[in-house]
Every structure is written in structure tokens, then in C-alpha cells.
Amino acid sequence: MSNINWNLINLNGSPFSIIPDKETKGLIWAGFQTNKRQIESAIKNIYSSKDTKVALNISRWGGGKTHAAYYFSNNNNIADLLPNEAPAPLSVIILTSKEGNDAAYDFFKKIIEGITIERIMGAVAFMRELETDDVALNKIKTFTSSTPLAKIVWLLGSSNEDESFEASEMIFNVTTSTQRKKYKLARGIEDTTDRFKILSCIFKVLSEYDSDIRFAQPRKIFLWMDEVEALIVYTPKQYIPFTQAIRELVDMTPTDFCFLMNFSLSDYDNLRTLEYIIGKALSDRISHRIIFEEPTLVEADAYVYDLLNEYRGDNENHEPYFPFVKESLDRLLTVMEEKQVPLMPRNVNKYVEYVIDAAFGKNIMDGEQLISSDFINSLDYKSLT
Amino acid sequence: MSNRINILADTNSLAHLSNVQFNIGKNSDNWLWEYFEVFRLQTITQEFERNLKRKRSKSFKKRTHRSFKKEATFYHVKQVDLIEEKIISKYYNKPLGSDDRGERHLIAHAIAGVKTGKFNYCIILTDDYKAFTNFLSKIKNDFSFGDIWNVLDLILHLYLSRSNISFEEARNAIRTLVALSSISAKKYKDDGMTEYDARIKMFEDYLSKLEEIAKLKTII
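Chains as they are written, first to last, in our numbering: chain S, 10 to 394; chain Y, 9 to 228.
These are computed hints drawn from the structure, not numbers from a lab. Just so you know, these numbers come straight off a predicted model, no measurement behind them. Glycine is no exception: its CB is placed at the ideal position from the N, C-alpha and C atoms. A portion of the hints provided could be inaccurate.
To be verified - If you only want the chain S side, here are some residues facing chain Y, beta carbon under 8 Å, derived:
| no. | residue |
| --- | --- |
| 1 | Thr244 |
| 2 | Leu274 |
| 3 | Ser275 |
| 4 | Ile286 |
Stated by the list, open to error - Straight-line C-alpha distance at most 27 Å; calculated DSSO-like pairs for lysine-lysine:
| no. | chain 1 | residue 1 | chain 2 | residue 2 |
| --- | --- | --- | --- | --- |
| 5 | Y | Lys195 | S | Lys348 |
| 6 | Y | Lys70 | Y | Lys138 |
| 7 | S | Lys348 | Y | Lys94 |
| 8 | Y | Lys126 | S | Lys107 |
| 9 | S | Lys150 | S | Lys119 |
| 10 | S | Lys107 | Y | Lys195 |
| 11 | S | Lys107 | S | Lys359 |
| 12 | S | Lys246 | Y | Lys195 |
| 13 | Y | Lys126 | Y | Lys148 |
Pulled out of the complex, with its shape left as it was, chain Y reads as follows:
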């Protein structure tokens, strides 16, 4: 088992992270696989491929997809359908259709991975805020497999754990991700607030956290 953090990444997060580059030399396009043990589910690979076909995809997104297929560790649990049917469905308020299939499979694999000793802790990386609030967070509370992060949380962790990522790089990464409309700012949107207001608040929140980490870095 690697000492790197185990990540089960969702399609949307991979697409979002393809916008972020760190100045870490020749591996700048591959930093995700270098810093984390990323697992690749069949469902996510297929979703990512559909995502690339559906929209006018940027070249960096295609590069991330190629890299994901090559570098991430393929992981498949045979009983995924059974886990969905017996466990996930209780938390999922709709019939198990194609909607949220990726997120359902991610959490099924996360639970199964800890149960079978594939890993003892893992992070689900997803920017699907609706899936997070609707069912993922509830399952996380009942099955202690690890945690659920969005890409902004991942950048905070990266800045905390890596000395070769500067404050400015991390701040720029956060600013880039906050600008993406497909990353929800709903959590920050109070009554009477505009979408821009909510995004500014989200940026402010993550920037404050980043500054706290920077303070810590002056101590240890």
C-alpha cells in the first residue's frame, strides 16, 4: 500500500483539475498522479469519455483524460451492483438509473475498498455538490471509509503537504477553480445573494484557509 493518499476521482473533478497547473517542472500535467494514488473506475473512465465527446473539449482536458487512463490504477469491485442495490439505494431517493451513477459507484468502491483492505482510508473527490448533499455525505457519515473533498479542498491539502507548491500557485489554482461555473457555489449563496457574490464568498473562504496554512508553514 502506497503512503500517498488514495483518491477515487469523479469525472467532473478530473475535468476541473485539468485547468490547474503547478510549476513543478516536466510533470506539471501529471501532478495529480504524482502526488496521490488515484484509482480509476470503469464508470468514471466512460463518463469522462462521454464528457469529452459531448462538449468542445479543451486540449488540456483531453491530456488529463489520456493521463488518467495511463497513470491511475484501475479498480473494480465485482459486487458493485449488489452494494448499490442493498446499501446505496437506501440513501438514494430515486430509482437507481443512469443519473449519479458515477458518484454511486465511487462511494460503493470506497466502502468496498476499506472493507477488503485494498486501502484503509480513501478520499472521494467530487464537485457534484447536489450528489454530496443528497446522499454521499449521509453514506460517509455511516460508513467510515474516509472523506469527501471537492477540488478546492484538494488544493488546500496539496499546499499543506507539499513544500514545492507556493502560496501564489495555490491561490491561483483556487482562483481558477472558483471561476468555473460547473463548480457549485450554492453552499455560499444566502438569500438575496447573486451568483457572483456567492463565488466571491467561496473564494474568500478558501483564501482564508490557505492563509492559515501559510501561517502554519512559518512554524513547521
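So that you can see chain S by itself, here it is in the shape it has in the complex:
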């Protein structure tokens, strides 16, 4: 159990949470300005054309990719990057399935649930209300090459609750013959290709409509897929069809879609094998590669400094690095380097919190004393490896 009383060191809670905060609101970006600029530059580039883009973000494990996905999924954090008049994107973050057998269905389900079926229903309903039912149906048909699939999406926006509920059921399950007869559908959703056609169709609807708005310019859909390295536990029989299906989704959605993959890799030399991990079909489509390089001591120092000051309480009468001083923090980062622990944010969080906890445990923080380099040297860090 932690000994830390954050208030006593004038911090509003722990800045060093190991597990990334999944709330996009209130997330801050500390240090690592080069990484931030790389993603900002990619977003600007994505907005420079209508074309669909595929981006790959690579770093060591704990390098801040998940944090970046959540940070940049908050539209407040990217408002300045977007061209005038461009609507803010709709962002969805999904985690790669650990199980290769049902990967495509899991991917489909997570995206729909990430957007929420209610939001999709609301957008289709608004589209039908605004355009009239027949015009909306014809328009949805132009979004997909299949009339029955277009009709299922169209039914999601029905004002009849039973109909829209049944359509949502058809999205996730096998269509029954009763449903097919009732809605005059030649067929239902049969396979992965159909599901991804539905996804592409939904993306196109959401690019133009939301539950109470029609966008003057198309809205971009940002899909972040986290922990893509999990594909290494898919056999070729699993990853090849799955990644080919994702490529089809990308190809079926030629505009206003951005697919961003987070990939953890400890050795960047292994990047040459990327094609055999995520599949050639998908790796061929990558237009942006963002690499979060291993942080230097100076960058890690700036990261901790920013975090401490973002969480700082009312009392400003402190050393800027309180409860550390610059020398002791740098000593800690040097200890990490000596132990060959990469200065990735997750590792830095772990070590800094460990030292603060130890300082409370040994009553160092009584009377607002500072954590010294000697104290850093006195700890063994064995429990952290």
C-alpha cells in the first residue's frame, strides 16, 4: 500500500499513474515536445487533403502511444491544428484483440461500441429526417455497393423503435429469415467483408451527419488501434485475412478516414519484419510513420518537471522540482540509465513514484524536506525490475 500523501507535497493527486488515464478530458501533455510535434504534424498533413491515410506510431512499450491516442482524441487538444471551417474529427480508440480467431468480428464490434450504436442510429435518423427517407436510402446505397447492407444501415435510423432495434440486432448477429422477409432484404450480413462494408458505410454517414447536424465539410473519422504488436500471436491464417480486411476497409473508405496504429517495439531494427506481423496488405498502405525515440535524460527531466507543475497545488513556495531538487531528479534518471532502464514515461513514472513512496515511508517528507541525491543513492530499486 502506498505511503504517499500527495496533498502534503502540494500535489493534487498522483501525476505518475502507471496506467494511462482513459479519460480524454483533462489529459495533459508533459515534456516530450518532439513526439507531440510529430503527431501534430501528421494531423496537419492528414487535414491537408481529403484522402484516407494510414499512420503507424512506434515506440518502446510504455513510450506514451496510448496516452497520445487519448490526448489527441480530445478535440480541444487539436483545435489549433485543423484548417478553418473543418469540423472536429470523430475519434475512436480500440484495443487489438489478443485472440486471432475472432479478430475481425472483435474489431467490428469494438468500433461500433466505441462510436456507440445510439450515436450511429441518431446520425442515420437525422439524415433521414433531413433528406427524406427515400433520398437517404439512395444516398446510403451510394456509400456501399450492396443494397441489402445499405438498407440495414438505413433501418438503424427508423423512427419506429422496434425497427431500429432490430436493425441494431442485425448489425451484430446473423440475420434471421423472418427479419429478411419482414424488411425485404435479399440477404443479411454474412461475413467479414460485409461487416467492413457496413463500417465503411457508417463512417461515410458519420462524416456528413451527426444526430443533430449536417456538416458543411466532411468530418474526418480517426480510428486508433492500440497494441497492434499483439498481431504477432496471430498465425498467418489469422493475421493475413484480418489485415487484408482492414485494408479493404481503408480502400472502401477512400476519403476522410484515418487509421492510426500504435505499435510497441523494443528494437527498431525489427521493423523490417513489420510486414510479417501486420501483413503486407496493411503495411503497404502506411503513409505516415511516427517514431517516439528513446527519451534523453533532459527530455525525461522536462517530463517530470511538467507533470509536477501541472499537478501543483496552491502553495507556490517551493522548489520547481519539489519534492525533488533538479540534482536529485537527475540523479534518479541517471540511476535508471545505469540500470539500463529506458527513460520511457511509464518507467519514469514507476521510479519517481517509488522514490516518493520510499521518502514518505522513511519520514523524509516530514517538515517539507526535499528528496536528496543521497536518498536516491540509498535505495536499491530491486522491486522495480
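Once you've looked at the hints, dock chain Y against the given chain S.
Chain Y in isolation, oriented as in the chain S frame:
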């Protein structure tokens, strides 16, 4: 004595290899027996049967089991219990119970096979990394019966020795096997590495070896 390599195969390796197929015509399910002289121990047959009952087994695993029983040469050494008691136990840090029984019997038969002239060299094929590091490798160092491979080593050998197996087939086989969670990647897992990282490193390592063999194949 056949000029094919003698293999004493462990249950886990046979189950793993059932995932790998080579495009070599009608024998694609039986390539292991075609390319190697595989010996079948009673212990391993029984373990494989238990393995099939325990889990929801895939049909290809059942096919491999049927084929193993039919094609592999039955081999039994009467003194196996005595070899275990007098020799293996010195390397095994626990009482000789049912754990690792298959691996203990494999190495006992490997030593006995060379001693009696059943074969003059053999390969133990096992993917039990823990058994390998705990006792198998130590016994191998003291009794020169041959070598211990995992299934990935076997694929490298196959690609080296067979002209009808393409680079792509061998690479796909390695990629398939690296994906199986029951094949340990512990050897590749450094501090701070995730399981995925270790598997990617394992794949990279075997792919590099495969590429070296491919270079050799352009020379001879």
C-alpha cells in the same frame, strides 16, 4: 539404419507441428515422417492422447496423432525406469513424479539408443523450454547422444536440407509457430520487455537464420 535424421519427438512439438503444412503434394500432412525417422515412445503416445482429450482439439492435431501412431517407429527400452532412477534423477531437482515424465523418457531413450546402437545420433524434439533449461540441456552436455531442437530449429533444418521447401513456406511455418502461445519466448524476454516484444524478437532471430540459409542456397 536409415540415412534420415532420427527424431525422438515430444508431445508438445507434435501438437505444434500439426499447425504447419508444406505444399509438397499429397503427403502434406505427413511430412514429418517422410523427412525424418521418427520414433514413438509409449509415454509420448499416451501423453498425446491425454492432450487430445483435455482440450478442444483441432482436427489437424487429431490427424497428426493418428499419423504418429501409424507412421512413427515404436521404440521402447526396458531399462527406462532404471536409467531414470540411476542417471536422470541426478540432474532432476525434484522427485521423479508424473511432471516431465515425457521429457525424462525421451532423454533416457536417446542415451540408450546411442549406447545400444539403435541409432548413432538422434535429435530430441521438444518445445518444453523449462524442461530444456532445468535438466535436458545438462544431460545433453554430459551424454553425447546428439542434440535437442525445438520445432523452429526443425524448420530451419528442413529448409536447409530440402530443395522442395521454399523460403516463403519456411518463413510462414516459423511465423505460425512463433504465434503459438505454448511455444515459450522466455529466452528472448529481457527486462522491461513484453511477451509480444519477445515473440517479435524470436521471429526476427529465426527469420535472420532462415535468410542466411537462403544465401547459402544461392551458392550450393
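Hints versus structure:
At about 5 Å, the closest approach between the beta carbon of threonine 244/S and any beta carbon in chain Y falls short of 8 Å, and the interface hint on this residue holds. Interface hint at leucine 274/S: satisfied, since its Cβ lies 7 Å from the closest Cβ of chain Y, which is below the 8 Å cut-off. A least Cβ separation of about 5 Å between serine 275/S and chain Y falls short of the 8 Å threshold, and the interface hint therefore holds. Against a cut-off of 8 Å between C-beta atoms, the interface hint on isoleucine 286/S holds, since the closest Cβ of chain Y lies about 7 Å away.
The hinted pair formed by lysine 195/Y and lysine 348/S meets the criterion: a straight-line CA distance of about 20 Å does not exceed 27 Å. Between lysine 70/Y and lysine 138/Y the alpha-carbon distance is near 26 Å, which keeps this suggested pair within the 27 Å criterion. Distance hint between lysine 348/S and lysine 94/Y is unfulfilled; the C-alpha atoms sit about 44 Å from each other, more than 27 Å. A threshold of 27 Å between alpha carbons decides the hint, and for lysine 126/Y with lysine 107/S the separation of about 45 Å lies outside it, so the pair is violated.
At roughly 24 Å between alpha-carbon atoms, lysine 150/S and lysine 119/S fall within 27 Å of each other, so this suggested pair holds. Between the alpha carbons of lysine 107/S and lysine 195/Y the distance comes to roughly 22 Å, so the proposed pair stays at or under 27 Å and holds. In summary, the hint linking lysine 107/S to lysine 359/S is supported, as the alpha carbons are separated by about 26 Å, within the 27 Å threshold. Between lysine 246/S and lysine 195/Y the CA atoms are separated by roughly 26 Å; this keeps the pair inside 27 Å, and the hint holds.
For the given pair, lysine 126/Y sits about 18 Å from lysine 148/Y by alpha-carbon distance, which is consistent with the 27 Å threshold.
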